[in-house]
Amino acid sequence: MGKPKALVIGAGVGGLSSAAKMAQSGDFEVTVYERMSFAGGRFTQHDHDGYQIPTGAVHMIPHGKKGPFADLILGKRSKGGLDLGRHGVEFLPTTHFACRLKDGRYQSANSVYGTLPWFTARDTLNLPRLLAKGAKQPWADETVDGRTWLRRYFSDEFVDFVDAFSNFAVSLRFEQMPASTVVRILQNSFWSDRPHIPKGGCKGVIDGLRADLRENGAKLRLTHEITEILPGYAEEETKDHRFCVGVRRRGRDAASWVGADSIIHNGGHPNLLKALSDDFEVAEGIRKQIADTQAVGGIGFCFALDDDIPVRSSGVTMLPNLERVGGFVIPTFSDPSLAPEGKHLMITHQFVPDPSVKSEIGKGREDLYEAIPWLADHGEEICVHTYHRNWPCNRAPQGAELPMDIGVEGIRLVGDGVKGHGWMMVEGIAANLHQAVDEISAGMRA
Amino acid sequence: MKLQVIDELCVGCSYCLMACQDDALIVEGLCEVIETNCTDCLRCLLWCPTGALVYA
Numbered sequence: 001m002g003k004p005k006a007l008v009i010g011a012g013v014g015g016l017s018s019a020a021k022m023a024q025s026g027d028f029e030v031t032v033y034e035r036m037s038f039a040g041g042r043f044t045q046h047d048h049d050g051y052q053i054p055t056g057a058v059h060m061i062p063h064g065k066k067g068p069f070a071d072l073i074l075g076k077r078s079k080g081g082l083d084l085g086r087h088g089v090e091f092l093p094t095t096h097f098a099c100r101l102k103d104g105r106y107q108s109a110n111s112v113y114g115t116l117p118w119f120t121a122r123d124t125l126n127l128p129r130l131l132a133k134g135a136k137q138p139w140a141d142e143t144v145d146g147r148t149w150l151r152r153y154f155s156d157e158f159v160d161f162v163d164a165f166s167n168f169a170v171s172l173r174f175e176q177m178p179a180s181t182v183v184r185i186l187q188n189s190f191w192s193d194r195p196h197i198p199k200g201g202c203k204g205v206i207d208g209l210r211a212d213l214r215e216n217g218a219k220l221r222l223t224h225e226i227t228e229i230l231p232g233y234a235e236e237e238t239k240d241h242r243f244c245v246g247v248r249r250r251g252r253d254a255a256s257w258v259g260a261d262s263i264i265h266n267g268g269h270p271n272l273l274k275a276l277s278d279d280f281e282v283a284e285g286i287r288k289q290i291a292d293t294q295a296v297g298g299i300g301f302c303f304a305l306d307d308d309i310p311v312r313s314s315g316v317t318m319l320p321n322l323e324r325v326g327g328f329v330i331p332t333f334s335d336p337s338l339a340p341e342g343k344h345l346m347i348t349h350q351f352v353p354d355p356s357v358k359s360e361i362g363k364g365r366e367d368l369y370e371a372i373p374w375l376a377d378h379g380e381e382i383c384v385h386t387y388h389r390n391w392p393c394n395r396a397p398q399g400a401e402l403p404m405d406i407g408v409e410g411i412r413l414v415g416d417g418v419k420g421h422g423w424m425m426v427e428g429i430a431a432n433l434h435q436a437v438d439e440i441s442a443g444m445r446a
Numbered sequence: 001m002k003l004q005v006i007d008e009l010c011v012g013c014s015y016c017l018m019a020c021q022d023d024a025l026i027v028e029g030l031c032e033v034i035e036t037n038c039t040d041c042l043r044c045l046l047w048c049p050t051g052a053l054v055y056a
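If you read the protein sequences in the order shown, they are chains A and B. The opening position of the first sequence corresponds to residue 1 in the numbering used here, with each subsequent residue numbered one higher. The opening position of the second sequence corresponds to residue 1 in the numbering used here, with each subsequent residue numbered one higher.
What the hints contain is simulated information worked out from the structure, not anything from laboratory work. Hints may contain errors.
Ranges of calculated distance between the beta carbons of each label pair, as one might list FRET restraints [stated by the list, open to error]:
(1) Pro-336/A x Thr-39/B: 31 to 37 Å
(2) Gln-4/B x Ile-309/A: 36 to 42 Å
(3) Thr-36/B x Ser-359/A: 24 to 30 Å
(4) Leu-125/A x Asp-7/B: 50 to 56 Å
Simulated pairs of lysine-lysine, DSBU-like, Cα-Cα distance not exceeding 35 Å [to be verified]:
(5) Lys-2/B x Lys-79/A
(6) Lys-2/B x Lys-274/A
(7) Lys-274/A x Lys-219/A
Here a beta-carbon is modelled for each residue, glycine too, at the ideal position from N, C-alpha and C.
Full structure from sequences and hints, please.
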């Protein structure tokens, strides 16, 4: 008998990390299928004339070396981590904990306390209550949205600042999230390390994951797409396995059947449901929850900057009070290799309240030139990325809590569709991944 | 046969722009092909996350 076959659909950071974890155990035969010609999904980058243009993740690890993502990627194997430091993966600190550019004036802080002088005495008094580690829930009723709730206790100045941060980090404004989610995000962020930047950009982590997969004999198949997922007995050659999965090389007509004993899906709930055949029962309630959950869009500009800019910080810079844009980062102040010598890369992010993306891009551009006085003279727009529909910022909005288990034995979801409560961006992916992998592994060992 | 964009699938992510070596694509909200520049290398097609680029 060969080892049980674990199939991973999607080579995003969630899929690759899950595969690496299973491959490190040595108990399974692991294969990752990715429909695109590159690995990493929205957590990698493309080289454009020496500028490392991210595919989504703005080269940021929001909670630095103290968050779930660092625990997963750099943590020791005995503690559930992948220990990718062995493959040269490194996180570089940003220059500041948080920054803000308001009315043309740049402020930076090295800790949460450093930001306090920016706000009122009332904010200083209420902040400890908000950040009390025991307070996992808001201290008042949480039927209201995050903005209404926060404004009861904090000044507009403070709310606008953290709201810009939310816009930048999770592409949602506070009025779009329940109060409990907002409180958890703020607690997790304020108590964490300053944001870090992976050495060599997001791709540095992806290359580490790929090296680890190679080392442990796992396979990564690029430009291969999944056509459908059937029960193993559907085809003669896969009858000894739980699943029979149709795999096709992109651009070819013929698909072949691949047997699998478990599936980790990194492509979001709607795409999983689309691939699953009618032989699998998914409860109506879960189907409805998935259908009712809207993916979250976003727009990001990439600017090439010269070295004469007045801002010398790689910290996440909030731009409060703008109509669309939440903030920007210039990661090249921590890792100069992300741009050609003597140049900088600036990445912005904004939420998308309206489906007419073209006018949203225009509004974002207006915001940026208005809020950043030196941008017109020192910056050149390289490109604008938009994320929506089937390639969103977040497959499920922060706080949506779609289940990683849709009730089909042997299948679990990972990735940004199943982020843990209050953990944002890659931290959310890492926070929930262990449970999915553990359940799948236990199932295959049984 | 030529490179075409299916507008309903295009999300404007600009990955195709990064893949293109011939300045044959513009992305501002949606992707557009500049046919005179396109050399049909189809690298962009393999980078497209949503299947919005087709060669037909």
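Comparing the hints with the structure gives:
Against the hinted window of 31 to 37 Å, the Cβ-Cβ separation of Pro-336/A and Thr-39/B comes to about 34 Å, which satisfies the hint. In this structure, Gln-4/B and Ile-309/A meet the distance hint of 36 to 42 Å, their C-beta atoms being roughly 40 Å apart. At roughly 28 Å, the beta-carbon separation of Thr-36/B and Ser-359/A lies within the given 24 to 30 Å, and the hint holds. In this structure the supplied range 50 to 56 Å holds for Leu-125/A paired with Asp-7/B, their Cβ-Cβ distance being about 53 Å.
This hinted pair does not check out: Lys-2/B and Lys-79/A have alpha carbons roughly 53 Å apart, beyond 35 Å. Note on Lys-2/B and Lys-274/A: the hinted pairing holds, with a Cα-Cα distance of about 29 Å set against a maximum of 35 Å. Proposed proximity of Lys-274/A and Lys-219/A is supported: the alpha carbons are some 25 Å apart, at most 35 Å.
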